[in-house]
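Student: Now for the letters of each chain:
Protein chains: 2
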Amino acid sequence: MASSSSSEVPVAQAETFPDGTTDHVPMRKRTYDLRKPHITDQPITWTNWWQHVNWLNTYFIIVVPAIGLVASYWVNLQYKTAIFAVLYYFFSGLGITAGYHRLWAHSSYKASLPLKIFLAAGGAASVEGSARWWSSLHRSHHRYTDTEKDPYSVRKGLLYSHLGWMVMKQNPRRIGRTDITDLNDDAVVVWQHRNYLKSVITMALVVPTLICGLGWGDFAGGFVYGGILRIFFVQQATFCVNSLAHWLGDQPFDDRNSPRDHVITALVTLGEGYHNFHHEFPSDFRNAIEWWQYDPTKWFIWTMKQLGLAYNLKTFPQNEIEKGRVQQLQKKLDKQRSTLDWGAPLESLPVVSWDDFVEQSKNGKAWIAVAGVIHDVGNFIADHPGGKALISSAIGKDATAVFNGGVYDHSNGAHNLLSTMRVGVLRGGCEVEIWKRAQSENKDVNAITD
Amino acid sequence: MASSSSSEVPVAQAETFPDGTTDHVPMRKRTYDLRKPHITDQPITWTNWWQHVNWLNTYFIIVVPAIGLVASYWVNLQYKTAIFAVLYYFFSGLGITAGYHRLWAHSSYKASLPLKIFLAAGGAASVEGSARWWSSLHRSHHRYTDTEKDPYSVRKGLLYSHLGWMVMKQNPRRIGRTDITDLNDDAVVVWQHRNYLKSVITMALVVPTLICGLGWGDFAGGFVYGGILRIFFVQQATFCVNSLAHWLGDQPFDDRNSPRDHVITALVTLGEGYHNFHHEFPSDFRNAIEWWQYDPTKWFIWTMKQLGLAYNLKTFPQNEIEKGRVQQLQKKLDKQRSTLDWGAPLESLPVVSWDDFVEQSKNGKAWIAVAGVIHDVGNFIADHPGGKALISSAIGKDATAVFNGGVYDHSNGAHNLLSTMRVGVLRGGCEVEIWKRAQSENKDVNAITD
Ligand code: HEM
Ligand code: HEM
Ligand SMILES: [Fe+2]
Ligand SMILES: [Fe+2]
Ligand SMILES: [Fe+2]
Ligand SMILES: [Fe+2]
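As given, the protein sequences belong to chains A and B, one line each in that order. Numbering of the first sequence is given in our numbering, commencing with residue 25 and proceeding in unit increments. Numbering of the second sequence is given in our numbering, commencing with residue 25 and proceeding in unit increments.
Treat the hints as calculated values from the structure; they're not laboratory data. Careful, some of the hints might be misleading.
[Claimed, not checked] Some chain B residues flagged as far from chain A (calculated, every beta-carbon gap over 12 Å):
| # | residue |
| --- | --- |
| 1 | Y103 |
| 2 | L182 |
| 3 | Q330 |
| 4 | D365 |
| 5 | K389 |
| 6 | N436 |
[Unchecked claim] Keeping only pairs whose Cα atoms sit at most 25 Å apart, straight-line, the calculated BS3-like set for lysine-lysine is:
| # | chain 1 | residue 1 | chain 2 | residue 2 |
| --- | --- | --- | --- | --- |
| 7 | B | K389 | A | K338 |
| 8 | A | K338 | B | K412 |
| 9 | B | K193 | B | K173 |
| 10 | A | K412 | A | K389 |
| 11 | A | K412 | B | K338 |
| 12 | A | K359 | B | K359 |
| 13 | B | K421 | B | K386 |
| 14 | A | K359 | B | K355 |
| 15 | A | K193 | A | K180 |
| 16 | A | K355 | B | K356 |
| 17 | A | K338 | A | K134 |
We put the CB at the ideal spot given by N, CA and C, even for glycine.
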């Protein structure tokens with residue numbers, strides 16, 4: 025039944041679309057017909073709800089862990105079994121994160137055959153579907169993030185993205201098409217897919233039971249803690265990549281969609297918590313790019329590389345990463361900027377002649393010209409940090425030079441404040457005073473009137 | 025000798041400059057002549073160094089505390105005296121921060137007579153000069169921050185800004201001119217200035233000694249701990265506003281000059297540590313604008329307001345504060361942006377005709393046109409997160425639509441990456457393909473050659 029040679033695997037294919045993507049087709053059910061109506065075409069009612077539930081998944085995700093919890097009441101947790109369960113937890117977790125996710129779904133590095141087998145075994149031990157099924161859906165998730173075609177869109181609710189999408193049947197036509205020709209060419213992926221149930225029972229239950237049983241005589245503990253309860257924890261943890269990572273945290277690279285970065289998600293998911301980065305740079309073998317962030321999956325892949333078992337580790341150029349960060353900061357800043365009052369636009373102000381400006385200032389208006397714009401500083405004289413005398417001395421004058429360093433080089437904040445006091449624009453701009461003086465001193469300068 | 029009426033105080037004035045500022049002139053030394061040569065005009069040598077030292081200040085800042093430290097060896101610290109010394113520390117510290125600094129130097133609020141007397145007494149108790157002298161120098165410091173005219177410029181070294189400027193004589197002509205007419209009109213300021221030595225001895229030493237002595241019989245402890253050592257701590261703490269606050273921390277509002285925000289400085293200086301904000305908005309009665317920042321001086325002023333002892337508390341409009349913050353962030357961002365590679369500028373690229381583009385793509389070049397620009401994706405095909413098939417299918421074509429949502433709505437990061445792959449500009453821009461197709465289908469569209 026199983027074939028481990030990649031070239032001649034007779035994979036069931038849907039019609040191939042010209043761009044190389046295909047509808048997702050399970051390899052086991054040859055009779056499956058995409059054109060037949062699907063149960064999800066009908067609304068959920070009191071009489072058909074049981075047809076909407078995916079009972080197999082419900083059994084694996086909810087019923088079995090419940091049994092395990094009850095069983096743990098009678099089964100004593102031994103010290104050695106506890107240690108083993110934790111180690112096996114990491115093994116099966118890495119199968120999902122380093123294997124299913126970063127290797128197969130995103131091809132972010134290349135793995136040698138032994139490493140592939142190790143990861144496929146770990147993936148099976150965590151009971152979350154085959155690598156082929158998982159990666160195919162995950163590619164749809166990236167391509168159609170947050171849309172109707174996203175298999176686990178967080179827009180349908182946190183619980184839906186966490187496990188609702190597995191517990192309820194999904195219409196395979198709804199889920200976005202992706203190109204998985206590379207997975208169909210991967211012998212380990214195809215073998216694991218074809219022998220999925222066998223692999224799961226062996227890796228998830230038989231192996232932990234045997235290790236604890238033959239190792240230190242704790243068959244029951246191995247089954248309950250190393251098997252069932254460990255499965256439950258790994259599942260809930262890795263499900264968080266689809267739920268929590270699209271719900272909790274910051275968006276340093278892109279805020280168009282839901283993916284977010286948060287250290288809590290990272291702690292829970294063996295480092296998959298920097299999910300905003302990951303959706304932006306999915307083919308990077310890292311999820312965390314800072315050394316101090318928690319990404320054990322990255323450390324694992326790096327170690328495999330040192331051991332010669334992994335190679336071609338892909339990273340996005342740092343320049344591109346920084347560009348993304350800068351642009352997102354810019355976006356946030358622009359948003360903030362647009363909520364502030366930056367003063368009356370110059371084109372909305374009346375144009376005032378120099379003589380009018382001087383005249384009004386003599387008649388009690390506290391007007392000061394700076395850079396061709398007239399400002400009413402009346403309400404500010406008493407509050408001026410530089411004292412009343414200096415600011416009052418500039419009334420009715422062009423204070424461009426004194427304001428900009430002649431007497432005091434005012435701060436940014438002072439320039440901002442000034443812009444809120446605008447009342448008019450000088451006809452002819454800020455050089456008007458110099459020009460007027462030149463004119464009165466040097467009679468052959470021609471007066472130009474506009 | 026003392027006059028408490030403000031209108032007829034015969035204050036010694038230097039020549040008044042037309043803008044209302046004056047050189048700083050001590051009120052006590054009537055004989056003082058600004059035109060005489062000053063010791064600081066001569067370089068420090070082995071023979072004249074003692075003339076450069078300001079022995080009075082050295083005595084108050086260094087000798088007396090040293091004596092106190094030695095004396096504390098023989099004087100037992102009593103519980104009640106310790107409590108009193110801490111309270112008296114806050115009283116004298118607030119005299120400087122709420123009094124000398126925020127009230128008199130910056131007029132950031134108005135105080136009733138009892139509060140003024142309280143603050144002037146506290147200021148005297150901390151032995152840092154008179155309010156008039158301190159405020160005048162402090163105004164120079166704000167107006168000429170970091171320049172030669174700044175009395176305690178941090179550019180001359182951290183130690184200089186901390187106490188070097190007091191221990192060494194200063195040329196009064198070097199220090200920037202400021203307008204202190206309002207201080208000369210303030211009766212409390214003038215009285216304290218005229219009776220400075222008396223005030224200091226009373227408030228800094230006599231009062232603490234008497235309180236501890238008459239209160240619980242600890243004359244010696246009152247003198248050593250409540251007096252001398254407490255003075256030392258208050259001095260060192262408040263000196264930090266001139267040194268540490270210009271040296272340690274962030275610059276969220278302006279980075280042209282040295283002032284910085286840091287919580288450590290705030291903790292040491294009764295809240296004066298948000299000094300970047302303060303230099304930008306000096307007439308704000310607050311230094312910390314967030315509720316969770318440590319600014320007990322602000323809380324003190326606010327409490328005085330509730331008690332009816334302070335009024336006209338000035339704040340800068342929040343809009344102006346946010347504008348300053350946004351602009352500084354923008355500045356930082358622009359700096360970061362300029363260090364990154366944003367791809368070859370379009371004007372530096374060769375112009376390629378559509379036919380050449382198609383031709384070259386057929387002859388092995390992996391060229392893709394997006395938005396009128398030709399990109400060489402050859403080195404990226406194997407790394408493309410969306411798979412080889414999709415990206416290859418666009419070679420030799422205009423992929424503007426598929427790239428921008430037709431097949432996949434690429435992220436910011438993808439657009440950035442694309443810009444690094446530029447090799448040419450299409451003659452006629454991105455509509456060229458549509459136009460060519462229209463032309464071949466509809467012969468009456470005219471071919472325009474440029
Ligand atoms: C026209 C409207 C004016 C506005 C809105 C304004 C605003 C300000 C502000 C906000 C400060 C605080 C420090 C800073 O942010 O840089 C300041 C300080 C100062 N201003 Fe003005 N100013 C104006 C006019 C003037 C004029 C005309 C003069 C001089 C002729 C002047 C002289 C000074 C000086 C010397 C300081 C420094 C005082 C200190 O920081 O202690 N200002 N001004
Ligand atoms: C022309 C140069 C191209 C560049 C530089 C590029 C770059 C990228 C990048 C960086 C991603 C990762 C996700 C993201 O950042 O949005 C991506 C994903 C993708 N690209 Fe491209 N792309 C190119 C061309 C194309 C073309 C022509 C197509 C389709 C005809 C395509 C289809 C896709 C798809 C479907 C994905 C989603 C895969 C996933 O995230 O799992 N790309 N591309
Ligand atoms: Fe995701
Ligand atoms: Fe992913
Ligand atoms: Fe300062
Ligand atoms: Fe200040």
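Student: Tell me the hint numbers this structure goes against, listed in increasing order.
Tutor: 4 and 6
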